[in-house]
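**Student:** Chains L and X, in that order, give the protein sequences.
Final position of the first sequence in the working numbering is 919; the numbers increase by one with none missing.
Final position of the second sequence in the working numbering is 919; the numbers increase by one with none missing.
In short, the hints are calculated from the structure, not lab data.
Some hints could be false.
Identical chains share a label here; the pair holds if one copy fits it or two copies do between them.
As the list claims (entries may be wrong) - Pairs of lysine-lysine residues, derived as BS3-like cross-links and limited to a Cα-Cα distance of at most 30 Å, are as follows: (1) K785 <-> K612; (2) K722 <-> K651; (3) K612 <-> K722; (4) K595 <-> K612; (5) K890 <-> K873; (6) K785 <-> K722; (7) K785 <-> K881; (8) K862 <-> K816; (9) K893 <-> K785; (10) K830 <-> K689; (11) K816 <-> K904; (12) K897 <-> K651; (13) K881 <-> K816.
Number of protein chains: 2
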Amino acid sequence: MPTEDSISQKLEESSKKVDPLINLVLKPRRPEQLYEAARHIIEAGGKRLRPYLVLKSCELLGGDQKAAIPYAAAMEILHNFTLVHDDVMDNDPLRRSVPTVHAKWNVPIAIASGDLLFAKVYEVIIREKTGQMPCDKVLACIERLTDASIAICEGQVMDISYPGTENVTESDYIAMVGRKTAALFKACAEVGAIVGGGTKNEVELLGDYAWNAGISFQIIDDYLGVTADEKTLGKPIGSDFREGKKTLIIIHALWNASPDDRQKVINVLGNAQANHKDVESVMKILEKTGSLIYAKGQAKTYAEKAKKRLAKFLESDSKRDLVELVDYFIARIR
Amino acid sequence: MPTEDSISQKLEESSKKVDPLINLVLKPRRPEQLYEAARHIIEAGGKRLRPYLVLKSCELLGGDQKAAIPYAAAMEILHNFTLVHDDVMDNDPLRRSVPTVHAKWNVPIAIASGDLLFAKVYEVIIREKTGQMPCDKVLACIERLTDASIAICEGQVMDISYPGTENVTESDYIAMVGRKTAALFKACAEVGAIVGGGTKNEVELLGDYAWNAGISFQIIDDYLGVTADEKTLGKPIGSDFREGKKTLIIIHALWNASPDDRQKVINVLGNAQANHKDVESVMKILEKTGSLIYAKGQAKTYAEKAKKRLAKFLESDSKRDLVELVDYFIARIR
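The following block holds chain L by itself, in its conformation from the complex:
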């Protein structure tokens, strides 16, 4: 089992390589408000998992991490673009313990600064091309991250437009989080692998690794949203229920609860007025249906699938780091 300290240190080392370029691309210029808003969520923190995945995938294939830095920066900027717009769409007031962009400024600034971040994804890649990387490979990377961006839009709209949580199946859930979360992890590994000089098969294997890792990451994210205490969570317990969030846990419970229990869960879902007692009763039903255990099990299954995709690569520090990353996804408590 990875210790949170060990992985934290590695993530920090990687972000020390990538953050200066992010800061450079988003350095203050006219209109200052736009650039300040664009830097806001990035500066507020975040684990920098995606740049780490780019650098480690590149390294695994014997590539020079330096060549992957612009791509690592691009993927973190892309991730933050989606956060800024998602927060508007979901009307979330807080992110990384600071007010979201639309809450601190307003919706127009949040839309424009998200758009700016999206454009900066491409700028950082094109501006920083050292000339060492053949241009067909640059285009291949742009293709992967563009596909991921399209998938993210699709996943977000699936999330906000599924008719009602009670009809969502596990396969709908995977289709949704596969696009919303896992597609970007996949693109990070693919881009890192392309920069690292991977063969078509290696790029595909690493992409599959990261896609499966991404699914397990999201399931655990949902799990923590239900089980973590208020302080770790940064929002009241039961928020995910009140927001009607479509998590694997809830989907499993709805398909496996008794008709009475099912109705009780439905009554709480998306009900902003649900009180502590309502939330407690849902928690009890989740225990009865074994939905928490089921979700954790599914997260582990996807994590195992992810690790299996690494089997063909020779043992190395970077391979161990990629295995450790997935183990951390499962073991993490925040």
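Based on the hints, put chain X in the right spot on chain L.
**Tutor:** Positioned in the frame of chain L, the structure of chain X alone reads:
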């Protein structure tokens, strides 16, 4: 003077070449609502000026229009992405005589479908690369359109965040519309020129042509917003005043009116309650200050600058088309 019929026919011919590719890239797929929303404003019409500019710039340099079609499609998609998001930011209910995306669906769908369109800009270029165009040129085109996207975000935020119309100078105005409108025209001509095999100097000249043309286009847009009748305008007369829109006409009037008149104009600007009489009184002040005539004169000056940039190119049908385009910008009545 170009007849509106002549240019309309040419724009239609050009859009017949480009629209099928736009439709292909945005064809219905899951989630259908997202793709329907993404097609909504594009299908509602529009002059397709930007694709025309791409194709004609390519043709001017002896390039094959066919090679420029993906780029022409990309630029029209990019333009429509900015319209969808701008409509949310400006809270506009109508565009091209149909409800805007956020009005027909909702703000989250408008944000997500705008984001999708932005990603599709890159997809259409990368997917449709025939292999005939060297990849360094593909990257050069991506660079130009990415720069334009960044400029558009900057221009939009300048527009919505300038402290108050009464302090905006003509040079602020040019900085703003240079980014919001002219940068995309410029990128269209540059991209067309790159695809057409233009030299660095030719790309620059055509970019300058289109930037100046874009400024003149925007000034006339503002002019028509004040002088056109309600039917042509599609919204009540005086709307631009009530919305506090920062047009060259208003900026000129504020700098040239008597203190009393200046105050009268300021009182109407951004005042949603301003009545017909208020609007009439502003119109009278604009006549006194000669601001309408001044703006039209400036539009003509930029149009002349644009045409001068074409001087070094040999006479050809496409050169005449590009000259005609700028003449049309000035002469148009809608």
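**Student:** Evaluate each hint against the coordinates.
**Tutor:** Comparing the hints with the structure gives:
1. K785 <-> K612: between (36 Å within a copy, 29 Å between copies)
2. K722 <-> K651: both (16 Å within a copy, 25 Å between copies)
3. K612 <-> K722: both (28 Å within a copy, 28 Å between copies)
4. K595 <-> K612: Within one copy only: 26 Å inside, 43 Å across.
5. K890 <-> K873: within (28 Å within a copy, 76 Å between copies)
6. K785 <-> K722: For K785 and K722, both the intra-copy (12 Å) and inter-copy (24 Å) Cα distances are at most 30 Å.
7. K785 <-> K881: Neither: 32 Å inside a chain and 58 Å across chains, both beyond 30 Å.
8. K862 <-> K816: Within one copy only: 20 Å inside a chain, 59 Å across chains, cut-off 30 Å.
9. K893 <-> K785: Close inside one copy (18 Å), not across copies (50 Å); limit 30 Å.
10. K830 <-> K689: Close inside one copy (24 Å) and across copies (25 Å); limit 30 Å.
11. K816 <-> K904: neither (34 Å within a copy, 67 Å between copies)
12. K897 <-> K651: Intra 25 Å, inter 44 Å, cutoff 30 Å: intra-copy only.
13. K881 <-> K816: within (22 Å within a copy, 61 Å between copies)
Checked against the numbered hints listed earlier, the structure breaks hints 7, 11; every other hint is satisfied.
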